[in-house]
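There are 2 protein chains.
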Amino acid sequence: MKQISMLIAASVFAVQANAMQWQALPGTAPAPADNPTTEAKVELGKMLFMDPRFSSTGTVSCNSCHNVMEGGDDSRSVSMGVHGKTGGRNAPTVWNSAFHSAQFWDGRAALLEDQAKGPVANPVEMGMEDVETAMDRVRKIPGYKAYFDRAFGENSMTVENAAKAVAAFERTLITPNSPYDRYVKGDKQAMTEQQVRGMNKFASSGCTSCHSGAAFNGPQQKLGEGFFTKFPTFADSDYVAKYTLADDKGRQEVTGNSADANLFRTPTLRNITDTAPYFHNGSVNDLAEAVRVMAKTQLNKELPDGDVADIVAFLTALTGEYPEISMPRLPATAGASIIAD
Amino acid sequence: MKQISMLIAASVFAVQANAMQWQALPGTAPAPADNPTTEAKVELGKMLFMDPRFSSTGTVSCNSCHNVMEGGDDSRSVSMGVHGKTGGRNAPTVWNSAFHSAQFWDGRAALLEDQAKGPVANPVEMGMEDVETAMDRVRKIPGYKAYFDRAFGENSMTVENAAKAVAAFERTLITPNSPYDRYVKGDKQAMTEQQVRGMNKFASSGCTSCHSGAAFNGPQQKLGEGFFTKFPTFADSDYVAKYTLADDKGRQEVTGNSADANLFRTPTLRNITDTAPYFHNGSVNDLAEAVRVMAKTQLNKELPDGDVADIVAFLTALTGEYPEISMPRLPATAGASIIAD
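Taken in order, these protein sequences are the chains called A and B.
Position 53 of the first sequence, counted from 1, bears residue number 53 in my numbering, the numbering being contiguous throughout.
Going from the second sequence to my numbering is simple: count from 1 and add 1000.
Isolated chain A, as found in the complex (with noise of 0.2 Å):
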């Protein structure tokens, strides 16, 4: 509680301190002092993110739902897991995730590192057990031992150790040089005038106040700490019945505190355009009807058309350039397969 009220007043804060202060997008994301990022991690993290053979039915992997062939996500509104079973939330980009200082729509991981472990034994995600069990079908994959050997020594294949790779891996998925960073680092023709004129009404309309920062995701906290934001804020908008906003409680549904309710991490806008639907219910499959709603529920605003059209126009502006990345060959069991259906 004491947390909440300190990062909302963090939240007010940022909107006089950031409102001018745009910032690039850094090319390399932090890293926790006991997971430092190296090249043998990623390549090791590439392979288990992109291998489904962990998922009970052996069909989902964590870029099921987190496509880096795409935005990040799944163009879904709430994600598919096995056996067809839905949850209740939106699935957040995986780009750019680094930037966060706490994961899921909740922030119940501090870091990439924990919530790697969290979709494996989720029921309607990947569907196993246990993450034990599903490492021991790692286990099971003779190829993946020397790449383990390679990013953290001998006898390192460990539930830990799965979850440091994967994290390392999506430390590199970084979206720099969109239109907007090449602006704010000087190019003053990377943007049009109508994204130009968009970014300022962002800000002289109050969604810099909790979209701030390089990743439009608010100011930067320590690893771990979130920053949350109440959503719907103007519970009493018709937006807010039209599209179920305050059925999921958000926060509430890990602290168990009722001053958490409705409140989610602010999540990032870069690359927006990839990511719809939008919201943490994925109830809104329209980019300007997003802003609408946002300026209605956060702000108590209702914007006029053209000013929805320019920051949409904005919005466009912070979609990056997605790195190349090469496809991993997974491990093969030789002769016999883990997956029991």
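Hint data in this document are derived by calculation from the structure and do not stem from the laboratory.
Take these hints with a grain of salt, some might be off.
Here are a few chain A residues that sit away from chain B, every Cβ distance over 12 Å (derived from the structure) [what the hints assert, rightly or not]:
#1 ALA29
#2 THR37
#3 GLY118
#4 ASP136
#5 LYS145
#6 LYS201
#7 THR233
#8 ASP238
#9 ASP248
#10 ASN300
Computed list of lysine-lysine pairs in DSS-like fashion (alpha-carbon distance at most 30 Å, straight line) [said to hold, decoys possible]:
#11 B:LYS1230 <-> B:LYS1301
#12 A:LYS85 <-> B:LYS1140
#13 A:LYS85 <-> B:LYS1117
Fair warning: this is a prediction, and the values are worked out from it, not measured in the lab.
We put the beta carbon where it would ideally sit given N, CA and C, even for glycine.
We have chain A already, so just place chain B on it with the hints.
Relative to the frame of chain A, chain B by itself:
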């Protein structure tokens, strides 16, 4: 009926002619005259192959069941499509599928171009209403147009061209330079003694009566003409009941002709260590057991354990080099998802 008899006759002939004609895998695959393989088609085809947005749920791409990061299949006995639905057959590997003269276990598609359209509208695979509806989704993604233009010219966003592109990509999925290939090209150190012993037993036991040719999928046919084998041939084996081998009527389901009962296209043995579980119904999850079952049901032989081990050793020598594939960047929709759950 007549065609089948001719094929069976061809098969018997093949035993004699090909037993000693060990062939290395060609580096390129034949393509039909109306779809020569080009770089632009391969690039587009790779994108379409990887894109899950043309399945009803947005979760199933070609690659879901024919994973090129693995053995070109899905490690499952039978595949799992949209909403967790399952079909009755094991996903054949897409690697070296260009060397099949007919597609699907029952040969119901002549060419890869025809095959590519099948799973899209199959209710237990990609689950779209029909291929045109799937193609409408492709057309709704603005970025695809430029790739179709480059591959096929202006106004070319058709189902036929999409299928041609996917087929062109699949024709690049070739795994050369297996130990076996290097051995038959003259490197006598490329296979172990046991593998060479297994190779000879593979031929002398009669396996090559069906598994002949460079891809070990039967003698070369004209594109569109399948090489079918009755499986099980010796239906009184205990294995038939144990693994329910006779339940699927195979090609009879396509032709309606009882003479085609239990006829299946002879599958390739290339990379077979990477494609467990085995057979049209994926009922056997162990390569040694698959060899025993084959010997008994197809050749009426009970192989000594040593022979089984030697033949398995030989089969491991058929695993080739998988080419590196870069991940395609799938064109984004702009601020709206095309998936309607």
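Hint-by-hint comparison with the structure:
Its beta-carbon lying about 20 Å from the closest one in chain B, ALA29 (chain A) satisfies the requirement of being farther than 12 Å from that chain. No Cβ of chain B comes within 12 Å of the Cβ of THR37 (chain A); the nearest lies about 20 Å off, and the non-interface call holds. Separation of GLY118 (chain A) from chain B is adequate, the least Cβ-Cβ distance of about 19 Å exceeding the 12 Å criterion. Every beta carbon of chain B lies more than 12 Å from that of ASP136 (chain A), the smallest distance being close to 15 Å; the non-interface claim holds.
Every C-beta of chain B lies more than 12 Å from that of LYS145 (chain A), the closest at about 17 Å, which supports listing it as non-interface. Its beta-carbon lying about 17 Å from the closest one in chain B, LYS201 (chain A) satisfies the requirement of being farther than 12 Å from that chain. No Cβ of chain B approaches the Cβ of THR233 (chain A) within 12 Å, the least distance being about 23 Å, so the stated non-interface status holds. At the 12 Å boundary, the C-beta of ASP238 (chain A) stays outside the reach of chain B, the nearest C-beta of that chain being 21 Å off.
Even its closest Cβ contact with chain B, about 17 Å, leaves ASP248 (chain A) beyond 12 Å, as expected for a residue assigned away from the interface. Non-interface call for ASN300 (chain A) relative to chain B: holds, since the shortest CB-CB distance, roughly 24 Å, exceeds 12 Å. Between LYS1230 (chain B) and LYS1301 (chain B), the direct Cα distance comes to roughly 16 Å. Compliance with the 30 Å bound is thereby established for this hinted pair. Pair hint LYS85 (chain A) plus LYS1140 (chain B) holds up; C-alpha atoms about 27 Å apart against a cutoff of 30 Å.
With a C-alpha separation of about 26 Å, the suggested pairing of LYS85 (chain A) with LYS1117 (chain B) holds against the 30 Å cut-off.
This entry satisfies every hint, going by the numbered hints stated previously.
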